[in-house]
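J.: Each chain, letter by letter, is given below.
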Amino acid sequence: MMIDHGLTPVAGVTPGKGGTLVSGVPVFDSVDAAVASEAVNASLVMVPAVGLRDAVLEAIESGISPIVLMVDGVPLGLSEELLRAARMHGVTIIGPNSPGLITPGKCLLGALHPAKFTAGDIAVISRSGGMMSTIAYTLASAGLGTSTCLGIGGDSVIGLDMPAAALLAEQDPDSRAIVIFGEIGTTQEERLGALVRTGAITKPVIVYIAGTAAPAGIRYSHAGAKTDGESGTALWKKKRLAEDGVIVVDRYVDIPAALASASPKGA
Amino acid sequence: MARLLEHQVKDILQGEGFIIPARRLCHTPDEVRAACVELGAPVYVKAQVLAGDRAAGGGVRRCESPDDAAATAQALLGSQVQGLTVDSLLVESATVGQWEGYASVALEENPPRRVLRFSRTGGAGFDPSQATVQLDLVDAVEAHRVRRALVAAGTPSEELVRLTDALVRLAQAAERWCAYTLELNPIVLTDDGVVPLDAKADLDDYSKALIPDPSYMDHEEKDPRELAARVYQAGDHRGSLRYVQLIPESEGFGASRVASHSVGGGESMVVLDALDSVGLHPTNYCDTSGSPSAAKVATAATLVAGQSHISGLLFSTCIANQPLSVTAEGLLEGWRTVGWTGPTVVRFAGNQADQARDMVRQWAAEVGAPVRVVGEETDEWAAAQLLADLLDERRGSTSGSPHEFSRGRANSRSCAGRHGRPWSIRCVDDDRSRPNARRGCHAR
Chain A
282 MMIDHGLTPV AGVTPGKGGT LVSGVPVFDS VDAAVASEAV NASLVMVPAV GLRDAVLEAI
342 ESGISPIVLM VDGVPLGLSE ELLRAARMHG VTIIGPNSPG LITPGKCLLG ALHPAKFTAG
402 DIAVISRSGG MMSTIAYTLA SAGLGTSTCL GIGGDSVIGL DMPAAALLAE QDPDSRAIVI
462 FGEIGTTQEE RLGALVRTGA ITKPVIVYIA GTAAPAGIRY SHAGAKTDGE SGTALWKKKR
522 LAEDGVIVVD RYVDIPAALA SASPKGA
Chain B
12 MARLLEHQVK DILQGEGFII PARRLCHTPD EVRAACVELG APVYVKAQVL AGDRAAGGGV
72 RRCESPDDAA ATAQALLGSQ VQGLTVDSLL VESATVGQWE GYASVALEEN PPRRVLRFSR
132 TGGAGFDPSQ ATVQLDLVDA VEAHRVRRAL VAAGTPSEEL VRLTDALVRL AQAAERWCAY
192 TLELNPIVLT DDGVVPLDAK ADLDDYSKAL IPDPSYMDHE EKDPRELAAR VYQAGDHRGS
252 LRYVQLIPES EGFGASRVAS HSVGGGESMV VLDALDSVGL HPTNYCDTSG SPSAAKVATA
312 ATLVAGQSHI SGLLFSTCIA NQPLSVTAEG LLEGWRTVGW TGPTVVRFAG NQADQARDMV
372 RQWAAEVGAP VRVVGEETDE WAAAQLLADL LDERRGSTSG SPHEFSRGRA NSRSCAGRHG
432 RPWSIRCVDD DRSRPNARRG CHAR
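These protein sequence lines map, in sequence, to chains A and B.
The working numbering puts the last residue of the first sequence at 548; the count rises by one with no breaks.
The working numbering puts the last residue of the second sequence at 455; the count rises by one with no breaks.
The hints are simulated quantities; they were obtained by calculation from the structure and are not laboratory data.
All residues carry an ideal CB built from backbone N, CA and C; glycine is no exception.
Keep in mind that the hints are not guaranteed to be accurate.
If you want the ones that stay clear, here's a sample from chain B, every Cβ over 10 Å from chain A, calculated [as the list claims (entries may be wrong)]:
1) Arg34
2) Ala52
3) Pro53
4) Arg156
5) Glu169
6) Glu186
7) Asp403
8) Gly407
Residues from chain A shown here face chain B by an in silico Cβ test under 8 Å; the list is partial [to be verified]:
9) Leu302
10) Glu361
11) Thr415
12) Tyr418
13) Ala504
Next comes chain A alone, as it looks inside the complex:
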C-alpha cells in the first residue's frame, strides 16, 4: 500500500532475509545494518507479539525516532518496559495499538489507506484508528484536508499521547487547527484542556468524545476506554474541555461546521 501510493519505505528488516528485495525495497538482517545503509528516520514495527519486545528494543537502541507500534494487546508490563527504554534513549514511541500516521502525499507509517486522506491544513489526533479515517473522510466531504493524521493508540499506556501530539500540531506550520477523537478513560483529554487553558496551545481545538452512552466500569475494545466513577466519563471530559476553551462537538459530523466558526486564541 505504501509503495502503491508513492510512499515507499527505504528499508525492511527481517533477520535471516538480509540481502533480499521485497517489491524493490532492500531487506536487512538488522536495524543497525539498515540505518548504516539507508536514510532511515522512522520505524514501523509490524511483528507478531512474540517478537515484539526484541524488535522494538533493537529499533530503540539504534536510535530511530519515532517508532510506530501497530501491535494490539501488548501486556502492560511490556508496554512499560518499552516506553521506559525509549525515554532513556530519547526515542518517541507512537502506540502500541496505533494505526499509524499519515501526512497526505508526503508520508505514511501504518495501515492507513492514502486514498482516504486529502491534503490540507487540519491536524487530526485520534485514540481510534478507524475513526481517524472516518473523520478525515468527514473533513474531505466538507472540502477540508488534513495536514497530518496521527493515531496515538487506544491503550492506557502509550508513548506519544494526546497532549504531546497536540503540542506538535501547535508547532506545525502546516496545521491551522487541531481535531481530536477522544474516548472515555485516561486523563489525556483533561491534560489537553489544561494546555489550551494555559495558552500553550493557541490553535483552535475541536474535540469529539465517544462513549457518552457507554456504561461505566466496563472495558470496551480499547484498553484505555474504561471509567470508574465520574472521573474519565465522556460528560466529565466534555465539561472540563469546554471550561478550558476547547470546542466540544456532540457528533463528529459537526466538526467541519465547528472548524468554520473557530478562530485562533486571541485572534
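Take the given structure of chain A and dock chain B to it, following the hints.
T.: Same frame as chain A, now just chain B:
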C-alpha cells in the same frame, strides 16, 4: 482491565507474604453462622461485590455472635449494594491495629509509571493524592528507596522495618500480577506487620497469560455471550472480537431494545451514543475489527442477533481497511444461523463496502427482512434514526407480538456450560481457515 473481588485479592496477597485475617467465603446464612463459630466473634461480614465504598452502602457489617452473623447474611444475600446483587459474603476475623492507614501501587500517566503510595491515615474517602509517601517506581522496587521515602515522611523508627517490608511486597505483587491498581485500604499495623483489612485490584487482561494464576480473571465474563466471545477470541487471534452484554436477556424484551454490532473500537462507542440519541437502548456492545475471519464475524453475529430481548439491530463500520465482503459473509452466516430477519440497519463504509452492501441487500430480498442498507454518506446518528423509524413502521403495521419476525433455532446445539447450565448459543466453526481454533459450543 479485570477487577477482582476482595476475597480474591486477599488470597493473592496472602500468597505474596502478607498477613491476612482468618476468613471464609460463604454463600448461605448457615455457612456464615458456621464460619463465625469457627473464627470466633466478633467477625466482619462483607458483601463480595465490585463496588467502591461497600461500607457506606451497608455491605460491610460487624457481627458480635453467630446468630447476628447469620441474620446479617440473610439480609445481605440477594440484596443490592451500590446497585450490585450480593451472591457471596466474606466472613473475616476482626483485627485490631495501632492505626488505620493506606497503601497502594497505581499506574499513572504522563509519563506512564507506577507510583507507590503510603499514608498512616486512610479508610473510606481517603484521597490518595494526600498520601505522605509517593514514590515513582521507575524500575524494580528497591527497599532502600522505600525506607528513604518513609523516613522523609517522618515514620517512627520502630515501624520502619515492618512498613518497608509491606510496601516492597506490595510493589512486587503489583508487578507480578500485572496490576493497573493494587490498593490496600485500610491497613493496620500490628506487632507482626501490616495487615490489609480491605483490598482492591485491577489487573491487565492483556497479561492474563503472564500472571501466576490466570483463573483469577475468569470471573469477568459471567454472561454466557461474553464468555462465548472470549473463548472464541482465545482460539482465533486474527482480528478482534469483543462482546459486552449491557442489558441482560433476563430483563426481557423491550420495544426500544436493539442489538449493536460494529467494526472498530471507536466506531462501536459512537454507535452506542447514536442509538442513545434516538431513544434506543443497546442491549450489547460488539466489535469485530482488525480483519477477522468470516467465521469470527459469524460467531459474533450469532451472539448479537441471537439475543431474545431485541426488537432491531444496527450494524455499522468505521471507514475500515478490512475487506468488508468477508465481514458481510460472516454477518449473513451468523444471521442465517440464528434465523435473524428482524428490523435491521446495515451501514458499510470502507474497503469493499459496495460489494458488502450488495450482499446484504440480496440476503434481505431473499428472506424478506425489513433492512435498510446505507454507506458512509449516512452517519451513525442518521443510521440510528433509520432504525428507530423502521421500528416505528413495524409497530404501526403490526398490533400483535413484537416477535412477529422469525428467529429459527434449527442450527443451534446444546451442551453443558461452564456454570452447569445448558447453553444454546451457537458458535460458527470454519476449521479449514482456523486451524488453531477451539471447537464445540461456547454458549448458553
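J.: Determine for every hint whether it applies to the structure shown.
T.: Going down the list of hints, with the structure as the test:
Residue placement check: Arg34 of chain B keeps its beta carbon more than 10 Å from all beta carbons of chain A (closest about 25 Å). Interface exclusion of Ala52 of chain B from chain A stands, the closest Cβ pair being 35 Å apart, more than 10 Å. Look at Pro53 of chain B: its CB is around 31 Å from the nearest CB on chain A, clear of 10 Å, so calling it non-interface holds up. The claim that Arg156 of chain B is not at the interface with chain A holds, since no C-beta of that chain comes within 10 Å of its own (minimum 16 Å).
Interface exclusion of Glu169 of chain B from chain A stands, the closest Cβ pair being 35 Å apart, more than 10 Å. In this structure Glu186 of chain B is not separated from chain A by more than 10 Å, as the shortest Cβ-Cβ distance comes to only about 7 Å. At the 10 Å boundary, the C-beta of Asp403 of chain B stays outside the reach of chain A, the nearest C-beta of that chain being 20 Å off. Residue-level check passed: Gly407 of chain B sits 26 Å from the nearest beta carbon of chain A, beyond 10 Å.
With 8 Å as the threshold, the beta carbon of Leu302 of chain A stays out of range of chain B, its nearest partner Cβ sitting at about 25 Å, so the hint is violated. With 8 Å as the threshold, the beta carbon of Glu361 of chain A comes within range of chain B, its nearest partner Cβ sitting at about 6 Å, so the hint holds. With a cut of 8 Å, the hint placing Thr415 of chain A at the interface with chain B holds, because the nearest CB-to-CB distance is about 5 Å. Hint status for Tyr418 of chain A: holds, given a least beta-carbon distance of 5 Å to chain B, under 8 Å.
With 8 Å as the threshold, the beta carbon of Ala504 of chain A comes within range of chain B, its nearest partner Cβ sitting at about 7 Å, so the hint holds.
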